[in-house]
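Chemist: Construct all of the structure, not just a fragment, from the sequences and the given hints.
Top to bottom, those sequences are chains Y, X, F and Z. So the first sequence is numbered by this note's numbering: it starts at 79 and just counts up by one. So the second sequence is numbered by this note's numbering: it starts at 79 and just counts up by one. So the third sequence is numbered by this note's numbering: it starts at 79 and just counts up by one. So the fourth sequence is numbered by this note's numbering: it starts at 79 and just counts up by one.
In short, the hints are calculated from the structure, not lab data. Among the clues, some could well be false.
Remember, identical chains collapse to one label, so a pair may be satisfied in a single copy or spanning two.
[Said to hold, decoys possible] Listed next, the in silico DSS-like pairs over lysine-lysine satisfying Cα-Cα at most 27 Å (straight line):
1. K245 / K149
2. K327 / K82
3. K278 / K245
4. K327 / K228
5. K228 / K185
6. K185 / K284
7. K185 / K278
8. K82 / K278
9. K185 / K149
10. K185 / K245
11. K284 / K297
12. K327 / K245
13. K245 / K147
14. K297 / K327
These numbers were taken from a predicted model, which means no experiment stands behind them.
4 protein chains.
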Amino acid sequence: MAIKLGPNEYGKAQVHLVRVYRDTARHEIRDLTVSTSLRGNFSAAHIEGDQGDVLPTDTQKNTVFSFAKEKGIDSPEQFALELADHFLATSPVADGARVEVEEAAWKRIDVDGEGHDHAFVQTGGGTRTTVVNVDGRGSERTAHVVSGLKDLVVLKSTGSEFHGFLKDRYTTLQETDDRILATSLITRWRYEGTDVDWNKSFDAIKALLLQRFAEIHSKALQQSLYGMGEAVLEQFQDVAEIKFSAPNKHHFLVDLSPFGVDNPNEVFYAADRPYGLIEATVLRDDASDAGNAWHAIPGFC
Amino acid sequence: MAIKLGPNEYGKAQVHLVRVYRDTARHEIRDLTVSTSLRGNFSAAHIEGDQGDVLPTDTQKNTVFSFAKEKGIDSPEQFALELADHFLATSPVADGARVEVEEAAWKRIDVDGEGHDHAFVQTGGGTRTTVVNVDGRGSERTAHVVSGLKDLVVLKSTGSEFHGFLKDRYTTLQETDDRILATSLITRWRYEGTDVDWNKSFDAIKALLLQRFAEIHSKALQQSLYGMGEAVLEQFQDVAEIKFSAPNKHHFLVDLSPFGVDNPNEVFYAADRPYGLIEATVLRDDASDAGNAWHAIPGFC
Amino acid sequence: MAIKLGPNEYGKAQVHLVRVYRDTARHEIRDLTVSTSLRGNFSAAHIEGDQGDVLPTDTQKNTVFSFAKEKGIDSPEQFALELADHFLATSPVADGARVEVEEAAWKRIDVDGEGHDHAFVQTGGGTRTTVVNVDGRGSERTAHVVSGLKDLVVLKSTGSEFHGFLKDRYTTLQETDDRILATSLITRWRYEGTDVDWNKSFDAIKALLLQRFAEIHSKALQQSLYGMGEAVLEQFQDVAEIKFSAPNKHHFLVDLSPFGVDNPNEVFYAADRPYGLIEATVLRDDASDAGNAWHAIPGFC
Amino acid sequence: MAIKLGPNEYGKAQVHLVRVYRDTARHEIRDLTVSTSLRGNFSAAHIEGDQGDVLPTDTQKNTVFSFAKEKGIDSPEQFALELADHFLATSPVADGARVEVEEAAWKRIDVDGEGHDHAFVQTGGGTRTTVVNVDGRGSERTAHVVSGLKDLVVLKSTGSEFHGFLKDRYTTLQETDDRILATSLITRWRYEGTDVDWNKSFDAIKALLLQRFAEIHSKALQQSLYGMGEAVLEQFQDVAEIKFSAPNKHHFLVDLSPFGVDNPNEVFYAADRPYGLIEATVLRDDASDAGNAWHAIPGFC
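Modeler: Given below as structure tokens:
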């Protein structure tokens, strides 16, 4: 019996940078948190402590900052692809690179009905994400882009049912044909190829996901997610598959009858834990092989 | 020498409720997290373990939920005032009540250019807060309302200097006439009286704070805060004072010169800790006595 | 009507330092997170943007690091007092300084039954804290030390009752003579003077608080807290008063009867929110005036 | 082109329960947070909104609570295996079940040198975890147990080097032969089979991991992790593989020379972000196929 090194990966996590575009008095900003990592045959580092093949995580961090100026940030996806290719070119023993980006959203502060030139307020409504995995170089190179959203908190105050479910001796839940449906959505979609208008695609997919969440009369969170994913695949031919991880943020109707007060679906207790957790994938029959596209992406089945 | 009970307070913290208004097909929602507490002569509970004077925190929670239906939620301030008065009426030995509310902001999901009737997405851009303190009953009653905002994250990409500061042997900071200024603002303002259009006042003060942050050419975060507070006091006669707690979210210019790359205020490292913390009060000369208005409000000098 | 600057304060928050003592092969470490601030007449900075009186927070940070070597860290209290006095000596317009310290606890890693010389594992069981406030200089100087603990999570599986409480129309809580009592304790005690063996005193007070929590048959969390505080005041003459902020971490007995399963106080649901919050002060009749001892300490009534 | 449902999973996350054993006056407690989920052919729920195959997450929660009494909690692993088998027996269309458990550690409060019968204080030093995946039933059944630790924060104040690494034009890091090495370890190991003394095995593996971290003179975090994993595999024949996810918690030596103060590896700034992140697997040559053992475990490559 022998012991050996298995899958391994290393890099710099959460380099938080703000890039200011100040070519005119009307500034633009991009606010990215970038994590980079390399994988491959790093046995010498693990087994003998020999760092000759290891590009330090400190150097990876420096590169992220410098590329923000050298290459600029047109989109998280483009930026991540440039970094991944660079790290593979620099690190001979690496066979794959992963770059993950989260982008905080800002809008201009309103002054007398107009957006200010260089003052911004951070907005919520979901964080844009991307994970890029590149394997190999030159003619062997394959690149995967998985973009998405996290912390997109949505709620329907009606138009949601839940009944007809499987029952056993531990079932106490009452069936309902009118409840609150709410979730803090994490979703990621895999693109076919990299010839995409990343910013335009992101905006359109986000808008469509919200619209379908609103429109679908829900018989369960599963059904809402499937319908949202189906719409994305129907309208975006360059999306191969889409995954959802959706906590069911329970809103329990409060029983006010002990106080002689009626509560016709008006007052709810918003609970924290435990919560339902629904995860689902919607994909095309003819989607390309995902390869390493979903490599080390947490929280998705 | 004798040992005795000093200041004490008890209540239910963080009752998270969602109130749906569904009188028409176009629903409205309010999403509040409410904390209530009572103070007064609760010596028997502490010293003898006698609960005869103690209205359980569980009952306080029930009341919050029931009032959401019975009284409705026109504003966090009105709701908090009704609860505080109720608890003082119910608890004979209490001499003061405190109710704290945080309101999560939601907007309608856009479907074909129109807001949906019953589907919502949570927005960021600062959380609305209020703390109400009521002391006494009947002719002895005094009520204080301190409203505010937290997690209002703002940034200026220029228009901020910092120089001419005091130096000692531990000073290494370079002076600058152009830096990023950013903070995650907590602010609270104290109203004179309670005859206020709470929702309208909140919206207008928030807008003014943002506008002034944008407009003021800053020589330090202190100066920005003072100017923001001054504007609020000038325009809102029913505001007696305003307090700020503002972390200076440092954005350090990255030195790219080792890589032969120029960085004319374009690429910044957004640091987490340590951070500067600036706290300031702006008030009227003739402001009324604050009494218990700021009682047990954390994080303000 | 004029507008003016009220109470204000500024400093550097959360300087996280690790100090290694390596005079022998058997290293010692101290792991402190330090926040410093100054208060006084900083009107020029706020109103005119003149920084001539402002010792930058960056300099405060540098000083914290340098003092860790120059003065050493015998205890959080001694370290905080040295910093506060230094900042007052350096900043002419400051009239008060506040230094807050949290210390993470580490113990030696066990190797073959002995603690290793230079390898450590972080432990839980409560974080040691101190807040030092110094006002004035020379013969006018007054210094206050408030030390304590946070995140001390304790639980009694029996020996806790709750009954005989005040009831109103919103009361649904059942009385009980046997429940779980649990809290995540924050406590702070004010010392009379500064001639104290800080480390010995801390260890002894922590042990006594735990012991009394265990021993007291509780009729309410209030009663447990009072008894714990009373014991500290009885045994530690240099403690003037002690404050507690104690969330009642509710453990609800789960009703298993629908499944034909008996549950005689054996299976509990540990809830997050809402929670009861009990705050209390126990003090000596003849305690000295607290002055600024509790200045800007959050979360205590 | 057709659109279809891909991998999916649903369940109840984070059921927090405390189980009290009170058969004698000397109570025992177990504090578990349990997440359960089912996977299989749930197309009807997703595509048609038909819940006939769906055992509600509410029922899963009820079952967790009831099993804490019916089956008892001898170890997280045994409890998770019983739940997984039960859910597969109850849900006809499920083909796999996953149960994840985190256990909070408590110890008896010391009173006069002895542990109290029913009063406990929570300790730190790492949280015990397990993830159980069961696929199929009866003769088709396969069960995988992956146990581990998270939040195990360890530090070496010397005995750690980092030099000889790959350099490129973005390298600025200085080589060092003496630095602080610190991490907040997450580790998980996969057992061969389920005939294991779970509690004894956990305690021994934890102790060994700590010991090896202490003993190994480290040329990089990678090398420490590999050595820790190798030791576990050498001494525990029923462990097939072990994975690590280890943030390199950077401790930067502070330059005190501007203040004329020497700093021979004594004062360090403990940074938060960015951080290095090292992930590695150590496994046996002849380890069994992992099957679904690592299914949906976040944060491991």
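Chemist: Each hint: holds or not?
Modeler: Now the hints, each set against the structure:
no., hint, verdict
1, K245 / K149, "between (58 Å within a copy, 21 Å between copies)"
2, K327 / K82, "between (43 Å within a copy, 26 Å between copies)"
3, K278 / K245, "neither (45 Å within a copy, 38 Å between copies)"
4, K327 / K228, "both (15 Å within a copy, 23 Å between copies)"
5, K228 / K185, "both (18 Å within a copy, 18 Å between copies)"
6, K185 / K284, "both (17 Å within a copy, 15 Å between copies)"
7, K185 / K278, "both (17 Å within a copy, 23 Å between copies)"
8, K82 / K278, "between (46 Å within a copy, 26 Å between copies)"
9, K185 / K149, "within (23 Å within a copy, 37 Å between copies)"
10, K185 / K245, "neither (49 Å within a copy, 37 Å between copies)"
11, K284 / K297, "within (22 Å within a copy, 40 Å between copies)"
12, K327 / K245, "within (22 Å within a copy, 32 Å between copies)"
13, K245 / K147, "between (59 Å within a copy, 21 Å between copies)"
14, K297 / K327, "within (16 Å within a copy, 35 Å between copies)"
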